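The whole structure should be built from the sequences, with the hints applied where relevant.
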Amino acid sequence: METLAAPPSRRRAGALIAALLAVVMLLLVLVLVTRKSAADRADFDPLENKPAPPIIGATLDGKSFDLANYRGEWVVVNFFATWCVPCQQEHPDLLSFARRHAQSGDVQLISVVFNDDAANVREFYAKNGGDWPVVNGDQGRMALDYSVVRVPDTYLVDPVGIVRARIPRSVANSDELDQTISRLSDALYGSASPSS
Amino acid sequence: MSAALGSAGIILGFVASLGGIATLAVGLARGRKRLLVAGRTYVWLVAAGAVVTFAAMEYALLSHDFSVAFVANNSSRHTPFPFNVATLWSALEGSIILWATVLSGYLVVTALKFRSRATDPLVGWATLTMLAVSLFFFGLMLPNIGPADPFKATGFAIPPGFDGPGPNALLQNHILMAFHPPMLYLGYVGFTVPFAFAIAALVTGRLGEGWLLETRRWTLFAWGFLSIGIVLGAWWSYEVLGWGGAWAWDPVENASFLPWLTGTAYLHSVMVQERRGMLRVWNLTLLCATFALTILGTFLTRSGVLDSVHAFTESGIGVWVLSFFAVIVLVTIGLIGWRGDRLRAPGRIDSPLSREGAFLFNNLFFAVFAFAVLLGTVWPLIVEAVNGERLSVGRPWFDFFGMVLGLGLLLLMAVAPVLPWRKTTTETLAKRLQWPAWTGVTAIVFAVLVHARGLAPLAAFGLGGFAAGAAVRQVALATRRQGWRGLVGRTNGGMIVHLGVVVLVVGYIASTTFQTSREVRLTPNQTITIEGHTLQYLGSESDSNATRTSVGARIRVDGGKTYAPQLRRFPNNAQAIGTPSVRTGLVDDVYLSLLTAPDDSNAVNLRIIIEPLAVWMWIGGAVIAFGTLLAAWPGRRRDPTDPVSAPVRTERLRDEPERPLAGVD
Amino acid sequence: MRLKLSYALMAIVLLGALWAGTHGSHTPTADERALTLEQSIKCPVCRGQSVAESDSEASKAIRTEIARRISDGESDSEIRSYFAQTLGSDILLRPASSGFAGLVWVLPVAGLVLAGSGIALAFVRWRRWGDRAPGPELRS
Chain P
12 METLAAPPSR RRAGALIAAL LAVVMLLLVL VLVTRKSAAD RADFDPLENK PAPPIIGATL
72 DGKSFDLANY RGEWVVVNFF ATWCVPCQQE HPDLLSFARR HAQSGDVQLI SVVFNDDAAN
132 VREFYAKNGG DWPVVNGDQG RMALDYSVVR VPDTYLVDPV GIVRARIPRS VANSDELDQT
192 ISRLSDALYG SASPSS
Chain S
54 MSAALGSAGI ILGFVASLGG IATLAVGLAR GRKRLLVAGR TYVWLVAAGA VVTFAAMEYA
114 LLSHDFSVAF VANNSSRHTP FPFNVATLWS ALEGSIILWA TVLSGYLVVT ALKFRSRATD
174 PLVGWATLTM LAVSLFFFGL MLPNIGPADP FKATGFAIPP GFDGPGPNAL LQNHILMAFH
234 PPMLYLGYVG FTVPFAFAIA ALVTGRLGEG WLLETRRWTL FAWGFLSIGI VLGAWWSYEV
294 LGWGGAWAWD PVENASFLPW LTGTAYLHSV MVQERRGMLR VWNLTLLCAT FALTILGTFL
354 TRSGVLDSVH AFTESGIGVW VLSFFAVIVL VTIGLIGWRG DRLRAPGRID SPLSREGAFL
414 FNNLFFAVFA FAVLLGTVWP LIVEAVNGER LSVGRPWFDF FGMVLGLGLL LLMAVAPVLP
474 WRKTTTETLA KRLQWPAWTG VTAIVFAVLV HARGLAPLAA FGLGGFAAGA AVRQVALATR
534 RQGWRGLVGR TNGGMIVHLG VVVLVVGYIA STTFQTSREV RLTPNQTITI EGHTLQYLGS
594 ESDSNATRTS VGARIRVDGG KTYAPQLRRF PNNAQAIGTP SVRTGLVDDV YLSLLTAPDD
654 SNAVNLRIII EPLAVWMWIG GAVIAFGTLL AAWPGRRRDP TDPVSAPVRT ERLRDEPERP
714 LAGVD
Chain E
221 MRLKLSYALM AIVLLGALWA GTHGSHTPTA DERALTLEQS IKCPVCRGQS VAESDSEASK
281 AIRTEIARRI SDGESDSEIR SYFAQTLGSD ILLRPASSGF AGLVWVLPVA GLVLAGSGIA
341 LAFVRWRRWG DRAPGPELRS
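Residue numbers (this note's numbering), protein chains in the order written: chain P, 12 to 207; chain S, 54 to 718; chain E, 221 to 360.
No wet-lab data here; the hints were simulated from the structure. Note that the structure is predicted; figures quoted are calculated from it, not measured. Ideal Cβ placement from N, Cα and C applies to all residues, glycine included.
Partial list, derived from the structure: chain E residues whose beta carbon lies under 7 Å from chain P: (1) Pro-264; (2) Val-265; (3) Glu-277; (4) Ala-278; (5) Ala-281; (6) Glu-285; (7) Gly-308.
The structure is reproduced here in structure tokens:
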């Protein structure tokens with residue numbers, strides 16, 4: 012086999028290309044090995060510390076609703092649907108939470124329907140109780156404003172209408188909600204916490 | 054019991070690989086031929102280990118041995134028999150078993166085929182390389198040590214009547230599930246053989262004796278299996294996933310496509326090496342890249358860093374696979390950098406207007422295509438690492454570059470078959486291309502007449518017709534000259550493969566660009582018309598058996614057969630899986646997807662997609678498979694410089710060696 | 221001569237067919253605009269499907285919103301930036317063409333140009349070899 016020793020310049024060029032390629036591939040490996048799994052990636056939260064997008068519409072009872080009317084108190088905005096199993100599971104916790112704050116009037120719970128029939132929702136509430144405002148979700152438009160793509164998803168809006176926290180899964184229990192609100196209140200206002 | 058047996062098999066495979074490597078290494082270092090022959094015995098032991106492991110897992114699955122965690126997590130008493138068998142490769146650890154088994158199969162076949170040359174160091178190095186790869190895969194599965202131990206115990210006492218969740222519902226819906234992964238693995242893993250010989254050639258510095266050409270047929274078979282595996286995957290995607298598409302540039306799909314691209318480039322450029330002795334180092338690079346890409350693909354589909362509709366669940370093997378990939382890359386680049394110089398061939402390509410020139414451009418396009426697909430797949434990860442930004446690279450991007458490079462490749466497919474070796478004139482080219490060119494123009498005219506619009510699709514149809522014309526012309530000339538032998542052999546089989554590719558591409562473009570999609574709500578006995586098809590909703594049906602409950606809508610298409618898209622629910626699985634129903638036709642497919650279960654008035658929401666020429670994607674795939682068989686047909690021992698196209702005067706250098714010079718190594 | 225005529229005729233037919241197949245690019249209807257937009261927005265709860273192809277609730281909500289905004293008269297880029305703002309920039313399947321991320325459009329083209337030039341240079345070098353007296357490669 013006839014081989015030709017390449018001239019030194021060709022050899023150097025070849026070694027340079029090889030070295031360059033090795034560096035690029037190692038950089039790629041470095042990038043890949045430091046990536047977290049797709050499932051662990053942090054949730055996108057564009058609303059933190061931003062004004063809460065408007066929630067204007069009709070409740071299931073036919074009354075008109077506007078989130079802006081609730082300045083002065085914390086609002087727990089809960090997105091849900093009757094076809095969502097974790098939503099059904101968190102309902103009792105929401106009930107006890109609402110009952111606890113019904114007297115003091117310092118925290119208001121509202122629910123927004125996400126892609127569900129009004130009739131189904133009315134039936135659900137009739138069967139399981141709950142007398143807080145349930146707003147018709149307008150085919151998911153308000154959910155998109157709130158970056159909600161799965162339910163349950165819950166936001167905490169402070170008394171001046173700024174979004175302060177998000178719970179992108181079912182509420183574990185009503186105490187958790189209380190603790191989060193008092194923690195946020197302390198951070199914002201010092202120890203004049205509105206929760207019990 | 055199966056766990057103990059299976060673990061024993063894994064240990065056997067691992068230890069035998071180690072023993073084989075050690076024996077061969079010493080034999081190669083000291084030049085002891087007897088050790089080289091003895092090293093081959095270890096291959097049989099590795100194969101034995103793999104067979105035992107595979108059999109043990111299948112036994113565990115079929116006997117519902119829930120004490121094995123893999124069975125408890127992936128299998129169910131209600132899974133029908135064929136799907137239960139296929140459950141082995143439906144989840145991570147089992148897929149490694151399949152990989153190791155296929156690899157040991159290839160090891161055995163290699164050992165048998167090269168047994169007369171077992172004392173040749175080149176064969177020794179190749180076997181050693183393959184054993185090193187098998188060491189890695191068995192190592193992943195080592196009981197209690199490896200990150201993918203398939204026989205890990207469930208960890209709690211199994212209560213009587215316990216049942217596992219069964220395989221993912223999407224994997225139980227269609228029997229193609231059984232065939233797609235093994236076919237794909239036969240392809241993937243098959244590339245290990247030419248890779249091993251490439252490493253051996255680099256290490257021993259012996260490149261000129263046709264070793265790569267000996268393994269060329271291996272590469273062809275591996276490539277063929279990979280092609281079939283990819284097409285089967287696309288077909289399954291089409292029939293099962295409900296969105297009416299076959300290819301989404303999903304990371305897992307790209308992982309299988311990348312080695313296909315570099316493998317196809319190799320199959321073409323190796324012909325330049327055969328004819329002219331050139332591009333030797335480049336061919337080695339391609340073989341190593343193809344193998345490295347199979348390992349990288351394994352990482353992408355099993356590490357969880359990229360979200361995909363059919364990625365395996367995330368596991369801890371990512372780091373190991375990535376390290377293996379890094380080792381392969383470093384070793385390969387090092388070897389090629391060190392040896393590549395010495396192995397560079399003399400000679401030149403006389404003119405770009407020649408078959409060698411066309412293959413060079415072919416490799417250019419395939420290499421850039423592979424680069425683009427890899428770039429697009431990992432770009433979100435790179436950007437996130439550099440500046441934390443989140444972005445997606447999806448179909449619009451891939452379709453754009455796929456179209457540009459695809460059009461270039463179609464043009465090359467049209468021109469290359471008529472180009473003779475060495476060089477030619479534009480007059481010859483124009484004469485030979487006349488009828489293929491008319492075929493291409495006719496294709497465009499026909500497409501315009503049936504209302505196809507758009508520059509890119511029309512260009513693709515035209516170039517496709519052009520390429521098909523060139524392929525048919527080549528086969529016609531060959532059969533005229535040689536009778537039935539004009540259909541077999543590398544060039545002619547290759548032309549059939551080209552035809553298959555053209556048919557597949559035309560089917561893909563027609564069914565995606567020109568599809569019509571509509572979502573409708575139908576009440577019982579309502580009829581609608583879409584694109585000339587009448588569909589009548591006859592009523593709903595429901596069915597329930599041990600494996601699943603389903604609810605469906607009966608639709609009569611064009612007054613003929615009834616099709617029933619369904620929503621199926623599997624036990625132990627909350628989600629309802631849509632099972633589309635497709636009326637396949639030569640002109641178009643009527644694709645029916647049930648969106649909602651029948652409501653109180655028995656009305657349903659249906660998605661209807663009319664997809665022109667969809668079936669031709671699968672027909673094209675079959676033609677590719679057939680062409681591969683024809684291409685692998687052993688031809689008469691041909692003088693490698695025999696012109697294969699119509700006789701053209703090429704001066705044949707009398708002093709150009711047909712074989713490499715003897716005595717030089 | 222016959223060959224040249226044949227090609228000339230071919231060119232005419234080709235241009236005519238291409239003109240017939242591409243002229244009169246009509247302004248897309250609302251449905252067509254909606255479909256294109258839906259195909260370029262990722263379904264946020266699926267794995268790798270676009271909103272056009274998925275049946276999840278989130279996709280339905282996005283499709284409804286797209287249709288509503290189109291009938292409100294918003295432009296395609298306004299609609300896309302709304303979704304990028306509320307659901308994250310990775311909701312768009314077509315990567316931005318600016319900034320570091322936009323390099324993804326440039327790199328394959330650069331690769332093609334670079335490698336193509338390399339091949340062209342090789343051909344030039346090979347031609348130069350041929351012009352010299354028979355070099356070492358023709359020695360047996």
